[in-house]
Structure formats: structure tokens, C-alpha cells
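Protein chains: 2
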Amino acid sequence: MAEQHLPDVSQEATETKPEDLGFLADELPQAVLLKLLEGIDTEVVKDTEGGLKIGIGLDSSITPLRHPGLYLVQSVDFFYPLIDDPYVMGKIACANVLSDVYAMGVTEVDNMLMILGVSTKMTETERDVVIPLMMAGFRDAAQAAGTKIMGGQTVMNPWCTIGGVASSICAEKEIVVPGNAAVGDVLVLTKPLGTTVATLAYQWFNAQGERWGRLRAVVSVKDILLAYSRAMSSMARLNQTAAMLLHKYNAHGATDVTGFGLLGHAENLAKHQIGEVSFVIHNLPVIAKMALVAKSCGSSLRLLQGLSPETSGGLLICLPREQAAAYCKEIEAIEGYQAWIIGIVEKGMRTARIIEKPRVIEVPSKEREGYLW
Amino acid sequence: MAEQHLPDVSQEATETKPEDLGFLADELPQAVLLKLLEGIDTEVVKDTEGGLKIGIGLDSSITPLRHPGLYLVQSVDFFYPLIDDPYVMGKIACANVLSDVYAMGVTEVDNMLMILGVSTKMTETERDVVIPLMMAGFRDAAQAAGTKIMGGQTVMNPWCTIGGVASSICAEKEIVVPGNAAVGDVLVLTKPLGTTVATLAYQWFNAQGERWGRLRAVVSVKDILLAYSRAMSSMARLNQTAAMLLHKYNAHGATDVTGFGLLGHAENLAKHQIGEVSFVIHNLPVIAKMALVAKSCGSSLRLLQGLSPETSGGLLICLPREQAAAYCKEIEAIEGYQAWIIGIVEKGMRTARIIEKPRVIEVPSKEREGYLW
Numbered sequence: 001m002a003e004q005h006l007p008d009v010s011q012e013a014t015e016t017k018p019e020d021l022g023f024l025a026d027e028l029p030q031a032v033l034l035k036l037l038e039g040i041d042t043e044v045v046k047d048t049e050g051g052l053k054i055g056i057g058l059d060s061s062i063t064p065l066r067h068p069g070l071y072l073v074q075s076v077d078f079f080y081p082l083i084d085d086p087y088v089m090g091k092i093a094c095a096n097v098l099s100d101v102y103a104m105g106v107t108e109v110d111n112m113l114m115i116l117g118v119s120t121k122m123t124e125t126e127r128d129v130v131i132p133l134m135m136a137g138f139r140d141a142a143q144a145a146g147t148k149i150m151g152g153q154t155v156m157n158p159w160c161t162i163g164g165v166a167s168s169i170c171a172e173k174e175i176v177v178p179g180n181a182a183v184g185d186v187l188v189l190t191k192p193l194g195t196t197v198a199t200l201a202y203q204w205f206n207a208q209g210e211r212w213g214r215l216r217a218v219v220s221v222k223d224i225l226l227a228y229s230r231a232m233s234s235m236a237r238l239n240q241t242a243a244m245l246l247h248k249y250n251a252h253g254a255t256d257v258t259g260f261g262l263l264g265h266a267e268n269l270a271k272h273q274i275g276e277v278s279f280v281i282h283n284l285p286v287i288a289k290m291a292l293v294a295k296s297c298g299s300s301l302r303l304l305q306g307l308s309p310e311t312s313g314g315l316l317i318c319l320p321r322e323q324a325a326a327y328c329k330e331i332e333a334i335e336g337y338q339a340w341i342i343g344i345v346e347k348g349m350r351t352a353r354i355i356e357k358p359r360v361i362e363v364p365s366k367e368r369e370g371y372l373w
Numbered sequence: 001m002a003e004q005h006l007p008d009v010s011q012e013a014t015e016t017k018p019e020d021l022g023f024l025a026d027e028l029p030q031a032v033l034l035k036l037l038e039g040i041d042t043e044v045v046k047d048t049e050g051g052l053k054i055g056i057g058l059d060s061s062i063t064p065l066r067h068p069g070l071y072l073v074q075s076v077d078f079f080y081p082l083i084d085d086p087y088v089m090g091k092i093a094c095a096n097v098l099s100d101v102y103a104m105g106v107t108e109v110d111n112m113l114m115i116l117g118v119s120t121k122m123t124e125t126e127r128d129v130v131i132p133l134m135m136a137g138f139r140d141a142a143q144a145a146g147t148k149i150m151g152g153q154t155v156m157n158p159w160c161t162i163g164g165v166a167s168s169i170c171a172e173k174e175i176v177v178p179g180n181a182a183v184g185d186v187l188v189l190t191k192p193l194g195t196t197v198a199t200l201a202y203q204w205f206n207a208q209g210e211r212w213g214r215l216r217a218v219v220s221v222k223d224i225l226l227a228y229s230r231a232m233s234s235m236a237r238l239n240q241t242a243a244m245l246l247h248k249y250n251a252h253g254a255t256d257v258t259g260f261g262l263l264g265h266a267e268n269l270a271k272h273q274i275g276e277v278s279f280v281i282h283n284l285p286v287i288a289k290m291a292l293v294a295k296s297c298g299s300s301l302r303l304l305q306g307l308s309p310e311t312s313g314g315l316l317i318c319l320p321r322e323q324a325a326a327y328c329k330e331i332e333a334i335e336g337y338q339a340w341i342i343g344i345v346e347k348g349m350r351t352a353r354i355i356e357k358p359r360v361i362e363v364p365s366k367e368r369e370g371y372l373w
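As you go down the protein sequences, you meet chains A and B in turn. Sequential numbering of the first sequence, starting at 1, is according to full-length UniProt numbering. Sequential numbering of the second sequence, starting at 1, is according to full-length UniProt numbering.
Don't read these hints as lab results, they were simulated from the structure. Each hint should be verified, as a subset may be incorrect.
Identical chains share a label here; the pair holds if one copy fits it or two copies do between them.
[Said to hold, decoys possible] Taking lysine to any residue and the SDA-like style, the derived pairs with C-alpha atoms no more than 20 Å apart in a straight line are:
#1 K173 with P68
#2 K173 with L65
#3 K173 with L70
#4 K148 with L65
#5 K173 with R66
#6 K347 with I281
#7 K173 with H67
#8 K295 with R211
#9 K366 with W340
#10 K148 with P68
Being a predicted model, the structure only gives us computed values, none of them experimental.
All chains should be built: construct the whole structure from the sequences, respecting the hints.
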């Protein structure tokens, strides 16, 4: 791991959080966001051919174009660095933006724009080292995704900021509209949970303060470093293969798991279903030891309640029961990472819940993701 | 004018500016930005048919698409509130994003995304009043432009932030590639300069401090209020008609005047010319009395040097000499606002300059733009 640090920035982010547990400074509470969005007439677009119907509230916007048969699928996302390696942070920011488009099954992104906030607290040297590394990480992830950065906006801001815009102009058949879950489907998740817990635990370990004192009773330094390493590689990983396989295995819809946590995004996906269905989650794949860390902090991290925010999380997918195992097998064959069947779709009123005692699946780090990544 | 204020935000912006003159907190110095952009391989895209050639550095990106004959023209832009009316601020932010696309002659924008930073310093009440008003202003400007908001991103941030993304999927004939200036062309500007000076002067008047003490020797309160009012209506005005007329009058290229000031953007446009031309600027249309205000502050505001940042400024256009007067006449007939011939294109090495003693054209406020707007 590179030695660059963003001390001022992460410090300020910590200072200004209402709490350093259970609430990330970069995300508005879901209820507040929905309230503010009332100010906007949500554009629910219905294609004249009766096809797509998508507005604000799902991962990407889908805009029917003046050119017959074509749609603009688009997402904007940005946030504040949460790890201390600017290059990897750039990759994560890019993967995170792309993920919204991949959640709609769209795998070909035509271009990206980069959004960058240079911290007013950075020295000139910090700026000249850190910012180009973040940009390089973002660019490399975009290249890996087969797309390119065509523009962007850079501002000065108290908090360092990174993110962007992904756009795809595509035919309807490239899109998996996320509203067709059916009773009997199963839910698949393509990345483990616990990215926020892992990055917080790593910060607490680095701070060597009172929180680390409590943590060291339940986990080792190696546990923390492996979890942090796994979180970084997981967040930087593209959901492109996951998106491609949505088509092959006839997925009935998907979303990506980010700031509202697994349950928040499951609820949002459930709300957008055409059929009268609900989602029930039985299994929680979690980065190894992070369930233990979350428990040791009481209920504040809300990981096992599915409410811990994730960054650049996996796709949560509704798949026909008979296809799910094959989907998981193929993504592992291609990428070397497991996916998990975590729940079922049953009859209901478009809600989502986690059962009372979900099974926690411990997801270990691989040696090749070791600390010296 | 509405009575809502954003005191915390504007105060902090002032505190953290390196100087409160001549440098806006939301813009990186041009040289620093270009240095950072070295980290990105500028994507210069050449259409296979030899048509478009555009990369990072001009107002919008132009991406050739997989679908024959179609291009994605796109811009992202956001900044921090600089006036105390959130509704008008939303309109300005929207006009400012759209302006980058209009500068390429593209008048049909297919969708917009909104970028919003809710200040961590706002009380809940401030947030619930101010943010919906900003969103409403942004939405209304988008509607006036014939487009709609299809999504966005909202974060918490120390500084209140507003902006967005504009995208158009269009045919080549809808785009005016800004590289065809020819010797003998003239330069036209469609909005007056001085938006930053007018908003600063208004802030100084409100603060009633030492700066205002100096200003009142040269301008009246009415001068300040009229200028502020004119600046607001100018910044909120769309460059859509200006863009539409680029086609009718065979413009050889355009850019919009924003953070780098008139000269900064003229230099940038000059740099992108195919022919060996340079721009010479003779006239500076300035919001009434603002040249006087700028002079009274010494050289720090750099307005008459063409280096005062503008927000949502006008289009700077290269037009064939015989078309320019008709262009100006028609935009005034349609919109009721003047445009001005401000300079000429001569043989040169793709640079731009303002003559030593440019003529300042005082642009008065109209009564209907009065303070109680």
C-alpha cells in the first residue's frame, strides 16, 4: 500500500460527523433525502411503446431519446475519500459510479466525466501528489471498464471529493429494467458487506485510541489489516461482469448496495417492483471478523440490521430460482470471487426485511489481497 | 427578492479564500488545473469521418457513439452559492451547466442530473427552506430550456453546493465545432461582464464595513442594487437563443465566459483554432458602474484586464464580419437583451489579448429587472 495520507481531510470528516458511528458524513439520511426530493417533480417516464418506466429513485436514470430505440442510461455519484491510498480511492470512486449503470444491466459505458474537489486544507505538495494519484486510479478503472474520461469539473472544497458521471446510450435490450421480481425468485449478492466497518476498524487501529482498546479484545491486528485489504479490493472491483451475467441468467432486476446499506437498497428495489412481491433476506455475507467488530460496538454500526452504509458494494439481484446457482458459479469462474444466494422473493406488498437471526457468512481475505496490495 | 439568506456558507467561503479579491474559492487557478490535468491522458477524439476533434479543455465533451452519426455532448458543472436568493441561485446553476452545451451550438438537451451539497452548517430549518428553493429554481430553468431533471446526487458538505450535468445526444449538424475562426471574423459577446464584481459589491454593501466605506465614495446604493439585480438576471438567463443563432449566422466557434474571465476563455478558444489566428478585444461591455467599482479596488479585481471570473456568462462567438450585426440585432429582437461586437480575429499564433485602452461599454439595468425582482 502506498504511503500517502490524507490526514487533514479524514480528520475533518470525523470532526464534523454527527456521530462517528452509524452515519457517514457524505450521505444524507434516506428520509431527509426523500423529503428534499419532494421539491422535484419526480420524472416518471413511460416509453410510448409501453417499455421502460424509470425516474429518480433508482440507480440510474433512463431517458428515452429523440433517436428511435435509443435510451440514455446515466448516473452521477461522488463522495469523500475513506481510505488513505489515493490511487485505490480513485479506482473505488470510478467503480462506484459505474456500478449504478451496471445495476441496470448496461455494460457498455460510452464516456465518463470526473468530479473532483481539491481540499482547501491540502498543502501544495499534498495536492500535487494526492490529486494526480486519485485521477490516475479513476482513469485506470475507467479504462478497465472499456470506457474513457471525456471531461469533468474540478473545484476547491473543504473536503476532498472524488466521483463522476457515467453515461451509456443504448438499445432497450441492453437494459435490465429492475421491476420484474416474481414470487419464487431468489436474491443474490455479488460482494460481501462490511466495507464501512472494515475502514472504520482500520482507522481506529491507526488512531490507537480507546476504540482500538475495545476492538483488540475481539480481533487481531492481522484480522483488521486483512479486512481492510479485502474491503479495498472489493470496493475497487467493477460490477461489470455481474451486470453482463444479468442478461445471460434472465435476472428480474438488480440494484447496487451503497449508502443506505443492504436493507435500504433492498427496500428501494422492492418498492419499484411491478408485481406484489417482498424480499426476505436470510444470509449476510460479511468480510471476515467484521460481524464481530460490529457486535462489539453494540448496535451502533447496524451491520447485521443491513443498515451499515457500503461503498461501491455488490449487485443485489432477483434471479429465477433455477438460474441463481449457475449465476454464482459463473461469476466466480470468471472473476475468482464468490457470490451468494442471500434470500427469497415471496408474495407481499413491495417491502424488504432481514429475518430475525440471519446466518452470517464469513468472507475471508485471499492471500493475494494481502496488506501489501 | 426573497429574504432567505445563506450566512454561514458565504461567511465560510470568505474566510477560506486566499484573498477576497480576484480569486473565487470555487475555481482552481487555471495553471494549477492544467497541471493536474496532466495526470489524465487528454482524450482527443477524432471521428473516423474526419469530422469532430474535441477533448478535455473545451466547454463540453463530444463523444462519438456506437450509433452511426450520433454524438454525446455533455457537461458537468457545480459551484457554491454567490447570491442570497436560493431560488435564483438554482436557476443560475442550471443556466451555467446548460451554457457549456449551448457554447457548442447544441440547443436540445436530452436530460439533466442535479448535483447538490447540503451544508453541514445549516440548521434543519435553513435546510428545509433553502434546499427545496434551490432545487425548484434549478428545475424551473431546466423546464424553460425544454429539458428535465432525471436524477442526481445529494451529499452533506461544509459548503452548500449546486450544479449538475447536461447531456445531449445529437447529430453532427447540431454541433458548432469551435475551431473555425478566420482572419476578418469579429468577436461577439452576448452578456455583460462584471457579475463577480457586482455580487462582491453587494456583499460589501451588506457588510457595511471598511470596503463599503471606500465604495460609497464612487457609487450609490442604488447603483449597487441595480448592478446586483442585473447580475442576477444575467446569470439566470439561458444562452439557448444565443446558441440557436450560431447556426443561422454561420458562427465559426464559440465558448462561454465563466471562471477564467473573458480573456482566459478567449485564450482557450484561440488555442483550439485550426487556422493561424488570434483574437484582439477592443470593447468591454460591463454592468453599469462596475468598471468604476473595479478601478476603485486597484488592480485586484482584474475586471478590465478580462480576468475577473464570471458566473454563467455570455457566449463569446467568432462570426463572419458581415453576419455579426444581424446576429446581435436578432438576439436583441428575440430576448430584449443587447449583444456586442467586442473584437476582431486577425492573423496570429492562437492567442488572445485585450488592447491597452479598451472601450468600456456601460450596460445599464432595466427597470423591469429592478431590485424587487
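Here is how each hint holds up against the structure:
In the homo-oligomer, the alpha carbons of K173 and P68 lie at most 20 Å apart both inside one protomer (13 Å) and across protomers (18 Å), since each shortest distance falls under that limit. For a Cα distance limit of 20 Å, the shortest separation of K173 from L65 qualifies both inside one copy, at 15 Å, and across copies, at 17 Å. With identical chains, the CA atoms of K173 and L70 are at most 20 Å apart both within one copy (10 Å) and between copies (19 Å). Proximity of K148 to L65 under the C-alpha cut-off of 20 Å is restricted to the inter-copy arrangement: shortest distance 12 Å between copies versus 22 Å within a copy.
Taking the closest pair of Cα atoms, K173 and R66 come within 20 Å of each other both inside a single copy (17 Å) and across two copies (15 Å). Taking the shortest Cα distances, K347 and I281 sit within 20 Å of each other inside one copy (14 Å), while across copies they are farther apart (70 Å). In the homo-oligomer, the alpha carbons of K173 and H67 lie at most 20 Å apart both inside one protomer (15 Å) and across protomers (15 Å), since each shortest distance falls under that limit. With identical chains, the CA atoms of K295 and R211 are at most 20 Å apart within one copy only, with a shortest distance of 13 Å there and 57 Å across copies.
Taking the closest pair of Cα atoms, K366 and W340 come within 20 Å of each other only inside a single copy of the chain (17 Å); across copies the shortest separation is 66 Å, beyond that limit. In this assembly of identical chains, K148 and P68 lie within 20 Å of each other by CA distance solely across copies; the values are 19 Å between and 26 Å within a copy.
Going down the numbered hints, you'll see the structure goes against none, and every one checks out.
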